[in-house]
Structure formats: C-alpha cells, structure tokens
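Trainee: Could you build all of it, start to finish, from the sequences and the hints given here?
Residues in the sequence shown are numbered from 964 upward in steps of one, following our numbering.
No wet-lab data here; the hints were simulated from the structure.
Just so we're clear, the structure is a prediction, and the values are computed from it rather than from any experiment.
In this text, a Cβ means the ideal position worked out from N, Cα and C, and glycines have one as well.
Some hints could be false.
PhoX-like mimics (lysine-lysine), calculated; alpha carbons at most 25 Å apart, straight line [to be verified]:
no., residue 1, residue 2
1, K1348, K965
2, K1219, K1253
3, K1331, K1242
Using C-beta positions, here's what the derived DEER-type ranges look like [to be verified]:
no., residue 1, residue 2, range
4, P1121, S1301, 17 to 27 Å
5, Q1069, M1237, 41 to 51 Å
6, R1211, A1024, 27 to 37 Å
7, R1154, A1019, 34 to 44 Å
8, A1024, Q1240, 43 to 53 Å
9, A1024, V1212, 48 to 58 Å
10, E1328, R1017, 36 to 46 Å
11, E1328, P1122, 39 to 49 Å
12, P1382, K1241, 35 to 45 Å
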Amino acid sequence: MKILFSKNNFAGPISGADEIAVTYAVELQAAGHETAVLLVSPPAVGDPLAARLRAAGVPLATLASPAFRTSLAAGRKLAIGAMRAFSPASQMIRTRSRRLVFDLLQRYHDTCCEYLRRNRPDVLHVMTPDPGAVMLIRAAHATGVPVVYQEVGIPFHPPGFEEVYERFVSVLPLCAGIAVLSPLLADELNRVLPDLIPACVVPLISQDATNGGPPRPQSESVSFGFAARLEHLKGPLQLIEGFSIAQRVHPAMELKIAGEGSQRQQIAHMLHQMGLQKKCHLVGVYKTLKERNQFMRSIDVFVLPSLSEGTPNAIIEAMAQAKPIIATCVGGIPDVVSADEGILVPSGDARALGEAMARLARDEELRKRMGRAAREKYELVFAPKVVLPLLLEFYQRVIQHHSNGNNGAKRPLKEIEHPWSAAERCAAVRSGE
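Mentor: Pasting the structure below:
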C-alpha cells in the first residue's frame, strides 16, 4: 500500500501531530508499506523529524520554497508584535493574519494536484486542521485520491481557534474517512459534528524503546517529569504550584520540566519566588528519540496537568517506559489512564495535583504497581504490532469506498482485535458494499 501523510508544516519537536504523522510513516515503512510525507512549507534546516524520516528511508517532499517558510515566520513575528503593541485590536489582527495565511496556502492547490497525479498514492492521510489542510483535502478530492482526515485533539479547541475550525469543517465531507485517537474523542467529534460520517478510532503509536538504556538508578529522591509546551493550556504553572504543595509533606522530591514556550520566564520567576530552583530543573526540549527516552528513564512519575487535551503522546511514551501517570481528567486522557495506571485530577486544581504527587512520592510499591500496569496498557493498546493492523484496515476500507464510487453510505468497519475497535466505537467510512 502507498500511503502519503501530509501537513502544512513541521511545528518542531513539541508538536504531537508531527510526532504522530512521522511515527505512523516510519512504522508502516518498516512493516513493508510504501510511505512518504508531504509538507506545504519546508522544515527548518536540521529539523529532527525530517532527520528521522531520512534515517527510516521515508521520502519527504514540500510544495513551497524555503523562502516561503521564512516569509511566513517573519509575518507571524510582525503580527505578534502588532498584537502586543495594539492589544485592543489583537483579535482583529489575529483573525486577519490567519485569513491571509489561509489564502496564501490555497495558491498551492495546483502544485499539490500535480504532485498527487505524479505520485498517485493509494490514500492521503491529512493530520490536524492546520492552515494547509483545506487545500490538501481539496487537492486530493480534485485528483481522485481517497483522503483520510485525522483529528488529533478536540474539535473547536483550543479556545481562540473556533474561526479556523469553522472554515476547515467545510471540506470534511470530501473525506472518505475521519479518524480520532480515542473513544472519548470519537464521541466528542460525533457530538459536535453529527452530520459527518462517524469518526473511527485509530490510536497513536509509540515506539518501544525500553531496551535503549539503563533504568533510573535507585535514589532517595522521587523524580517527577513533565514534557510539553510551556503554554497556558498545558498547565505548567499549576504543576509548579502542585509540586510546591507536595514537597512540603514529602521534601525528597525533584521535578524535571522538558519543553519551551511563552511561559518559560514566568515559570523560572515562580520557582525563584518559591525557593524551588534547586528542586526543579528546566531541561529544554528533547529533539531525538534517544533524548526523549533518556528523559523518560530519568524520572519516576510522569505528570501532565493540561487544561485541554486530545491524547497526549508524552503520556503514552511514559507508559511505554513503565512510568505511573498523574494527569488531568480532560479530553481523551481518561481513555488512556485508569486508576490502575495512575491518578487523574480535575484540571486547574493545584491542590489535588499536589496531593496526588505526594501520594506517589510516599508509596514506592504503588509507583511500581502503576508502572507495571502502564506498561501493560501500552503493549495492549499503543504498541506498533496492535495499532498497525487497525490503521491498515481503516485505509483498506477507505480505498474500497473510493473505488466503489458511492455517495456517503454509512457502514461500520469490520471489528478488529483491538480494545478500542468495537463497531460502536470504531465507526464508519463511506462504503458502497
């Protein structure tokens, strides 16, 4: 099977959607299928995701020139500066700049059609409602290539992007299949967009790297780890507050924060004010699988106090390393983390977060038991050997629909041996059978 994954651009090592697309492509290529990745805007020089694709022998093509990427980056910088200087007009500036970017990307429609006609993939898999997704889906439809759209978050989220999603929804009827990452997210997408074909659950894949290095050495201090963008919706400030609460009752704790973002300086200031500089370490962004695995092996517990989420890659990556999880009960996280694998707390509740951290800091046996369960959940739900058959079956039904040339009949997928693949959960693609 010839599968083409496509996005507007690589946003960098902090992008979950980028990670999912690259991992799907690499794992399918390793399984003997022909995969490629198409971006509208070229990646930055030295991009780690592009390097992973090259190492795996997965071709990476782009529609625009590096100058286009540079121009977009410069325009974005100007828009951010204007919003800061004229805060009362920030919403208008944001809306107009997004519309401008959207209009610019539509100009690559003919170039994209030419690429698709020349390469003829069996299916085009588009990730996330980014600014280029509308053009990519329209180009696939125009050239007769069956297209799959995968929502990796929650529709119409995060706040402030409603206008983007409303524009994007217009092309979803052109898709032969729609996928999401967990049953709860399928329910949410089907609820807010009831007129679309039901979404199919296709979980993300996390590569197994448990044999890639030594485990964390025994220590009296319990290490908690966070890995995400240092932005409001990921809850890093709640994390610092919760850690401060926990270490008052269990001082033998440390916190490692991997990531970068707009709240980095605020986090550093908060740590200084609380006197936690020696216990909390800002380690930056890990850019390679080796660095990611080293980070996960260096901690005892993974924490993600997000205010809004889909299905976070970092939680699955920590579970693959047999780490217990503390996370918020938002988005698709409750599908991933049960009371066996970790502790879920209300979003924005720093006290509940601190109590959960203190509980696991005190109880080594509980950490080990939850860590074993987390590893078992990974092997059952997210390992390549269990996700790839589900993904391939989804593609096959999408292609079959396309070859039958029907007009939107709703048929459920055949049930596959996967915990999330029951017919009422793993729903329909258009099929003429």
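Trainee: Check the structure against each numbered hint from earlier and tell me which ones fail, lowest number first.
Mentor: Of the numbered hints, just 6 does not hold.
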